[in-house]
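Protein chains in written order, with our numbering: chain A, 2 to 272; chain B, 2 to 272; chain C, 379 to 937; chain D, 379 to 937.
Hints may be right or wrong, so weigh each one.
Simulated crosslink set (DSS-like; lysine-lysine; CA at most 25 Å straight-line) [said to hold, decoys possible]:
#, chain 1, residue 1, chain 2, residue 2
1, A, 27, D, 425
2, D, 425, D, 610
3, C, 608, B, 146
4, C, 859, C, 932
5, C, 907, D, 604
6, D, 777, B, 27
7, C, 911, D, 777
8, A, 109, B, 32
9, D, 903, D, 439
10, B, 9, C, 859
11, C, 909, D, 903
To give a feel for the contact side, a few chain A residues facing chain D, derived at Cβ under 8 Å [unchecked claim]:
#, residue
12, 5
13, 6
14, 99
15, 125
16, 147
17, 149
Derived from the structure by calculation, the hints contain no laboratory data.
Where a beta carbon is used, it is the ideal one built from N, C-alpha and C, also for glycine.
So you can see what is in the structure, the chains are spelled out below.
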Amino acid sequence: MRNLTSSKENTWCVGCGNFGLFASVKEAIQKLQDEGHNLQDIVMTSGIGCHGKIFDYLNISGIYGLHGRSLALAQGIKLANPALDVIAFGGDGDSFSEGLEHTLFAAKRNMDITFILHNNGNYGLTTGQASPLSPVGFRGVSTPKGNVEIPFVPVTLMMEAGATFVARSYTAKIAHLADTIYQAVKHRGFSFVEVLQPCVSYNNTYELYNERCRPFSELPQSDEEARRLALAEDEIHLGIFRRTERLCYHDAINNPVESLSRAQRSAFLQS
Amino acid sequence: MRNLTSSKENTWCVGCGNFGLFASVKEAIQKLQDEGHNLQDIVMTSGIGCHGKIFDYLNISGIYGLHGRSLALAQGIKLANPALDVIAFGGDGDSFSEGLEHTLFAAKRNMDITFILHNNGNYGLTTGQASPLSPVGFRGVSTPKGNVEIPFVPVTLMMEAGATFVARSYTAKIAHLADTIYQAVKHRGFSFVEVLQPCVSYNNTYELYNERCRPFSELPQSDEEARRLALAEDEIHLGIFRRTERLCYHDAINNPVESLSRAQRSAFLQS
Amino acid sequence: MTEKILTVLIGGKAGEGVKKAAQVIADMAAKLGNYTFQVDDYQSLIKGGHNFSVVSISAGKLCNAYKKADLIISFDQRSVLRHQEDGSEDALHFCNEGDAQGSSAIPLPLAKLKQQSYPDGGTMSIAAIAIFAAVGNINYDFMLQSIAEGYHGNSAGNTAFAEAVYKLFSPQEMQVNYHISKHRMVPQSTFSGNQLIALGAWAAGMDCYYGYPMTPASPLLHYLAKQSDKLKVLAMQVESELAAINMAIGSVFAGKRSMVGSSGGGFALMQEGFALAGMVEAPLLCVLSSRPGPATGVSTYTAQEDLYFALNQGHGEFPRIVASPDCFERAFSLAAELLDLVWECQSPAILLTEKHLSESRSNIDLPIDDIPEATQTIPTGQKPYQRYEITESGISPLKFPGTQNCAEDDVIKWNSNEHLESGVRTDEAPAIVAMRDKRKRKYETIAKATSRYQRVAIYGSGQSVVFAYGSTAMELREAQKYHAFTLVVPIYLEPFPGEELASYAGQEVIVAEHSSQAHFAEFLKNKLKVKVKATILRYDGRHFGTDELVQAIKEAENA
Amino acid sequence: MTEKILTVLIGGKAGEGVKKAAQVIADMAAKLGNYTFQVDDYQSLIKGGHNFSVVSISAGKLCNAYKKADLIISFDQRSVLRHQEDGSEDALHFCNEGDAQGSSAIPLPLAKLKQQSYPDGGTMSIAAIAIFAAVGNINYDFMLQSIAEGYHGNSAGNTAFAEAVYKLFSPQEMQVNYHISKHRMVPQSTFSGNQLIALGAWAAGMDCYYGYPMTPASPLLHYLAKQSDKLKVLAMQVESELAAINMAIGSVFAGKRSMVGSSGGGFALMQEGFALAGMVEAPLLCVLSSRPGPATGVSTYTAQEDLYFALNQGHGEFPRIVASPDCFERAFSLAAELLDLVWECQSPAILLTEKHLSESRSNIDLPIDDIPEATQTIPTGQKPYQRYEITESGISPLKFPGTQNCAEDDVIKWNSNEHLESGVRTDEAPAIVAMRDKRKRKYETIAKATSRYQRVAIYGSGQSVVFAYGSTAMELREAQKYHAFTLVVPIYLEPFPGEELASYAGQEVIVAEHSSQAHFAEFLKNKLKVKVKATILRYDGRHFGTDELVQAIKEAENA
Ligand SMILES: Cc1ncc(C[n+]2csc(CCOP(=O)(O)OP(=O)(O)O)c2C)c(N)n1
Ligand SMILES: Cc1ncc(C[n+]2csc(CCOP(=O)(O)OP(=O)(O)O)c2C)c(N)n1
Ligand code: SF4
Ligand code: SF4
Ligand SMILES: [Mg+2]
Ligand SMILES: [Mg+2]
């Protein structure tokens with residue numbers, strides 16, 4: 002059987018939240034495999050950043066794309082072959098700055114893919130610049146006097162954009178995260194999992210998260226309720242904020258991609 | 002006195018909502034001028050699209066930018082000279098597709114500029130393709146079988162992104178629109194005005210809007226209330242949905258752009 | 379020895395159906411046994427302004443539309459004034475009564491008849507067709523049938539209007555000096571260059587097209603979207619050109635032949651993605667249809683300013699393929715050929731063209747036989763599968779996840795970072811060199827692969843050698859009807875077909891192109907060491923006139 | 379005749395402070411009267427992996443760091459193994475005890491001492507400095523002072539660790555064969571190339587810098603952000619490179635000198651904006667710092683693959699300026715010069731450089747005198763103001779809204795569409811030609827303007843002529859210490875300084891560059907018709923070694 006961990010040397014910093022994320026992803030994939038999913042049918046994409054390194058470590062087919070384009074690649078893959086389970090990994094710089102547009106459009110289209118956000122509140126790989134999810138006051142190499150922009154709230158922003166599965170979890174809660182990812186992949190439509198991922202080098206949030214994170218288990222009754230939970234300041238609520246049904250893109254367009262043979266094409270043109 | 006209308010031949014289709022928008026903008030600028038604003042201090046930017054043509058017609062300094070970059074240019078202008086009143090015009094394709102990222106970031110930063118969205122629910126200039134604000138089912142040259150994507154809701158999306166002034170008006174209500182634009186320019190921070198703009202050639206919504214548009218005058222008590230109004234389906238509510246105070250970007254960074262003389266620079270380097 | 383040619387010019391406001399009328403007229407002429415060539419001159423506006431379309435009609439094949447018209451139909455006064463000087467000797471010029479003042483145009487009560495025919499409003503378009511039919515001595519029923527086929531809706535109004543206009547003319551009263559109804563065997567279908575590119579790529583297996591509208595490339599999207607059910611193709615408008623190219627790369631990863639298209643500005647946005655295709659070795663076909671730049675430029679006109687831009691797409695070193703169709707038939711066959719080529723060589727290619735080819739129309743036979751029977755087999759390599767297996771040719775095995783060419787254990791990794799054979803990232807110096815050398819070997823492999831195809835076209839012969847590429851070659855071929863010269867056209871620009879062109883090295887040549895900087899002449903100097911005797915440049919966005927070219931070549935010869 | 383050179387190599391994991399240690403060592407050496415040159419070899423990771431930094435130290439000016447080290451300090455076992463072969467004869471190689479097995483490295487109880495010095499954890503970094511000081515016979519107090527200046531926080535721990543390591547060595551026991559403390563007059567400040575580019579542009583009036591992080595250009599942003607209060611500059615990280623370039627154009631519209639910077643991938647994204655600058659005639663300076671491509675490539679290494687990419691930035695025709703600094707001093711003066719030039723000519727320019735210059739460090743004197751006293755005056759034209767007034771030089775008047783150079787009635791319109799003199803859009807053929815001809819005249823104007831500056835540098839003399847550009851020139855200058863040749867370096871690449879180089883036309887030359895395709899050699903063949911006798915190419919991302927270049931040139935000479 003295929004080992005889900007590749008032989009590539011792992012260069013995440015010791016203690017990086019990405020380790021927990023990696024473990025959770027593997028657990029979720031294992032569970033899918035146990036249920037009969039074929040590893041050949043699971044495909045990943047990633048952008049560039051510390052998060053992107055998961056591409057080298059996870060022994061799954063896919064594309065290690067350009068910075069910011071993980072979700073564009075993922076959508077192209079899904080449309081070309083809707084039978085694949087496509088998991089897109091993105092960083093907060095990657096998916097909420099350089100590639101924000103693809104992120105919102107993938108949600109708007111309800112593309113049947115799973116998007117896992119490594120939210121470490123900064124640009125790790127490029128040595129700790131502020132990201133659009135960094136808190137006000139964040140000091141990094143590009144904001145030495147402190148970040149002045151209020152961060153986007155990924156959960157509510159993705160709800161606004163039209164994601165049909167929206168969840169939040171935390172790298173230190175491997176079982177919770179693994180289950181969330183598993184549910185996200187199973188969901189038919191666009192699934193978004195915000196993963197709170199401490200960055201020990203530039204944004205060590207373990208203490209904050211350990212103290213404030215509160216998993217909930219009941220799906221909120223309404224979007225208002227979900228928003229209230231997602232926006233709470235004293236506590237950081239973990240769980241599934243939204244899970245609704247809506248025609249996903251490849252179903253809605255009645256996917257016409259059906260590779261005709263050369264002969265069929267030729268015959269058509271001759272007629 | 003400067004005539005606000007240039008001598009350039011106007012090539013908007015007869016009946017286009019842009020005429021009403023143009024009239025309203027001029028009225029708003031006139032009012033600002035009456036209050037002592039100097040026309041020299043009002044600057045505009047636009048993207049490419051039918052909306053962008055307002056650049057040629059309105060006799061105001063500015064940049065007729067690339068498709069999608071109106072708000073990036075506008076921010077650059079504002080940061081370089083915060084004393085200017087900057088008004089950015091954008092189309093729905095322009096500002097919610099190609100340039101969506103700049104739109105959201107300008108709001109997030111609470112840049113002190115005014116953004117006027119010509120929402121005609123399609124790509125007018127390129128002959129009627131669906132835009133991200135086109136309704137489901139919209140038939141255009143790129144969606145001959147009908148658009149399958151649900152549209153973004155500009156008002157709530159911009160609220161989510163952090164805009165501090167968010168309003169909606171309609172080109173056929175010139176007084177309402179002119180006043181809204183006037184208020185938007187006066188607001189310190191990022192002002193967003195969604196202008197419902199019928200496109201007689203590809204998306205004639207006059208009847209719909211005339212029937213359903215309902216101006217309201219009281220600022221909603223809360224964001225929830227504002228969202229409810231903005232998302233209502235049977236009625237299209239016009240008015241100011243949000244008007245809040247938050248440090249705008251150039252104030253927050255304590256604007257350091259202060260052109261030192263060559264001599265000062267040289268002295269500094271020698272020291 | 380030149381065939382007789384009839385040129386029809388229709389002018390009016392955008393939204394009045396000028397282009398549509400020209401299209402129906404061209405279709406009628408083709409059905410009646412003529413070759414046609416239509417060029418639309420329009421501005422970036424939807425209604426109002428001034429548009430005009432020109433259709434040239436001839437018994438012989440046409441390679442351009444003429445600038446002097448034999449029949450001018452003006453829908454408004456601006457058109458009357460604009461086109462006063464555009465008539466040939468004895469040209470007939472018709473307009474609405476009231477618009478004729480001070481001109482030699484013949485007033486007809488078009489507006490009045492239009493109003494009578496369409497109480498709820500209709501289009502002037504039909505009038506042009508009826509005038510053409512009347513002065514072209516075309517069968518009345520055939521005219522009505524052509525209108526019915528060309529226009530959907532309001533058929534009663536259309537018929538009434540056509541009839542009323544047609545009846546303004548007594549039989550044989552005013553006639554153009556050209557016999558239209560010849561019933562020769564000519565190609566029956568009229569295509570635009572964009573349609574041909576789309577169909578050619580589709581014939582070679584294209585399954586997915588991603589685009590963001592941009593003139594003059596948008597019709598690729600529109601055409602494929604409209605035909606998507608018939609062709610079983612995905613034609614999707616996405617949020618930006620950046621999305622388009624990255625989604626296309628995703629789709630080729632999953633095994634589907636994919637294409638993107640745009641004009642200069644949108645292409646500029648696809649550069650990083652183009653470099654990605656170079657790095658991951660994605661087979662990707664990109665259509666770049668040029669218009670005058672820089673920036674937004676002049677959106678609805680033609681240009682050839684993007685030659686070096688196309689040749690140097692994307693940062694970093696990787697093999698690029700650039701080729702440009704020199705006629706309508708080639709638009710079809712080259713698109714097919716390039717799509718096969720990118721899959722054979724796993725490299726991105728650009729089909730470089732211009733508004734003049736993209737949006738002009740002509741009746742041609744699709745060169746279906748130029749399309750190879752089947753795809754070459756894709757190498758699948760050894761076990762264990764390594765996406766970037768180092769090979770002599772530089773071509774590595776290609777597998778697609780979740781498909782039959784893929785085994786249970788195959789892990790398929792495409793990587794935008796420099797990588798090992800497995801597709802996993804590397805920073806190690808020897809591994810970097812090995813992988814770059816592998817990609818470097820593809821230059822040679824691609825050059826060899828393209829040498830199977832026709833990479834250069836040579837037309838006619840004569841004292842002078844004139845070089846051109848793209849649709850400028852069409853313009854020159856039309857000029858060859860009046861003056862003999864050797865026209866040399868590189869279809870492939872990169873890899874450069876140096877062998878085929880070797881005999882021109884060091885020679886004196888004339889170069890014609892749509893640019894102000896004579897980039898193509900520069901290119902030929904560098905590649906072939908030709909001596910450029912003269913350049914013939916046009917850079918106002920309009921196509922070359924045939925007379926203009928003949929004169930310029932003669933001048934260059936006598937200089 | 380070559381000066382004695384001491385080379386120090388420090389290797390270890392990312393996050394252990396390798397680079398920082400090298401920096402402090404270089405600073406110490408400079409303060410003690412030496413020239414230094416530091417190169418950091420690191421990978422795209424934050425902690426772990428393997429990094430190393432090299433500092434060469436000499437009494438004479440250094441143009442490169444050497445590959446053979448006289449002193450190697452390895453923080454971990456991987457480093458010991460990696461650098462086994464990197465020592466010169468008699469090199470001293472130190473490592474932590476336990477890491478030495480099977481190597482000739484000298485084990486020291488570094489880990490133990492570190493733990494004793496920092497109960498709560500600290501960095502290995504200090505050990506390297508202490509070893510350097512000890513074997514370099516450097517004053518103990520000076521060492522402590524240098525550490526205190528270089529490292530903020532935990533000064534007690536640092537002192538304890540430094541002392542403990544320093545004391546491992548008995549005085550004069552083991553010594554490098556180089557006298558460090560010479561107290562000669564040498565430049566006291568050490569700069570990276572990026573810092574120099576930032577400072578140069580700032581000296582010439584830069585007020586705004588917009589960037590999106592991308593190695594190796596990110597330090598421009600970091601440095602300016604850090605200095606923003608002192609320099610009164612806006613240094614802003616924005617959402618993407620597309621935002622950066624468009625915001626910069628907005629800022630120049632409002633009258634502020636602005637700059638953007640990125641590497642290949644981010645630059646690819648700025649192409650459309652670059653074309654916009656060409657069209658609106660925005661004075662805009664762009665820094666392109668190259669790394670190996672395509673796509674993400676090898677993010678933290680050096681390359682010169684983007685020459686043609688830089689020369690052909692953006693779609694459409696417009697004058698571009700491309701120049702590349704050939705040494706640290708020029709990084710400063712060229713940035714200043716180019717910023718003045720773009721404002722004089724109202725055209726975009728690219729300062730093309732590489733990671734090797736951007737991120738390497740040396741102690742130099744800022745050539746402040748190379749910066750012109752004041753800006754040339756900006757033409758403000760006639761009344762009424764017309765942004766694109768057609769002039770002989772192609773340069774039109776420039777005014778800024780809401781500033782004193784602007785009158786009540788001036789309407790300032792910049793337009794990405796083709797436009798009239800007023801800045802209002804046009805589609806009319808004669809107007810298009812007129813405006814394009816105006817812009818075309820700027821090619822000449824720019825060429826003339828640049829001819830005021832030094833556009834070519836020539837170093838040394840000898841039998842062979844070696845061409846290079848950018849930081850490769852530095853590498854070759856170091857090689858000139860061992861072998862005589864004439865080094866010819868075009869600083870300006872576009873407009874090409876053909877006059878200055880005319881004497882080399884048709885000559886046999888050697889070309890050295892960091893690319894696999896020898897683009898620069900190709901470029902010189904096209905521009906100068908030189909015969910390229912040999913190309914010296916390195917494309918693994920690492921800089922050239924001095925010996926390697928000497929040998930390659932000798933080989934080429936004897937071939
Ligand atoms: C077009 C482009 N711009 C910039 C970069 C440089 N870059 C690489 S990773 C990165 C940011 C990473 O931040 P994030 O996405 O949050 O990932 P993290 O490292 O934090 O996991 C940037 C800016 C790039 N590779 N490509
Ligand atoms: C990079 C780029 N892509 C595409 C285009 C072509 N283009 C011009 S206008 C337009 C769409 C206009 O739609 P919208 O912004 O809604 O404006 P409207 O015409 O509806 O006012 C497009 C796609 C362009 N000019 N530049
Ligand atoms: S820098 Fe931060 S995100 Fe990156 S590997 Fe280290 S701890 Fe993890
Ligand atoms: S196409 Fe639509 S938006 Fe454009 S001018 Fe006409 S009516 Fe207005
Ligand atoms: Mg991050
Ligand atoms: Mg629109």
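Hints, verified against the model:
The suggested pairing of residue 27 of chain A with residue 425 of chain D holds, with an alpha-carbon distance near 23 Å, which does not exceed 25 Å. Of the pairs offered as hints, the one joining residue 425 of chain D and residue 610 of chain D is violated, with about 34 Å between alpha carbons and a cut-off of 25 Å exceeded. The suggested pairing of residue 608 of chain C with residue 146 of chain B holds, with an alpha-carbon distance near 13 Å, which does not exceed 25 Å. Straight-line distance between C-alpha atoms of residue 859 of chain C and residue 932 of chain C comes to about 14 Å, which keeps the hinted pair within the 25 Å bound.
A hinted pair counts as satisfied when its Cα atoms are at most 25 Å apart, and residue 907 of chain C with residue 604 of chain D does not qualify at roughly 52 Å. About 24 Å separates the Cα atoms of residue 777 of chain D and residue 27 of chain B, which keeps this hinted pair within 25 Å; it holds. For the proposed pair residue 911 of chain C and residue 777 of chain D, the alpha carbon gap of about 43 Å is over 25 Å, so the pair is violated. A C-alpha spacing of about 39 Å is found between residue 109 of chain A and residue 32 of chain B, which places the hinted pair above 25 Å, so the restraint is violated.
Our distance criterion of 25 Å between C-alpha atoms is broken by residue 903 of chain D and residue 439 of chain D, whose separation comes to about 32 Å. The suggested pairing of residue 9 of chain B with residue 859 of chain C is violated, with an alpha-carbon distance near 42 Å, which exceeds 25 Å. A threshold of 25 Å between alpha carbons decides the hint, and for residue 909 of chain C with residue 903 of chain D the separation of about 16 Å falls inside it, so the pair holds. At its closest, the beta carbon of residue 5 of chain A sits 21 Å from a beta carbon of chain D; the interface hint therefore is violated under the 8 Å criterion.
With a cut of 8 Å, the hint placing residue 6 of chain A at the interface with chain D is violated, because the nearest CB-to-CB distance is about 17 Å. With a least beta-carbon distance of about 5 Å to chain D, the hint placing residue 99 of chain A at the interface is held under the 8 Å criterion. Evaluation of the residue 125 of chain A hint against chain D yields a held restraint, the C-beta minimum of about 6 Å falling below 8 Å. Taking 8 Å as the C-beta contact cut-off toward chain D, the hint placing residue 147 of chain A at the interface is violated, the least distance being around 11 Å.
Against a cut-off of 8 Å between C-beta atoms, the interface hint on residue 149 of chain A is violated, since the closest Cβ of chain D lies about 10 Å away.
Comparing the model with each earlier hint shows violations of hints 2, 5, 7, 8, 9, 10, 12, 13, 16, 17; every other hint is respected.
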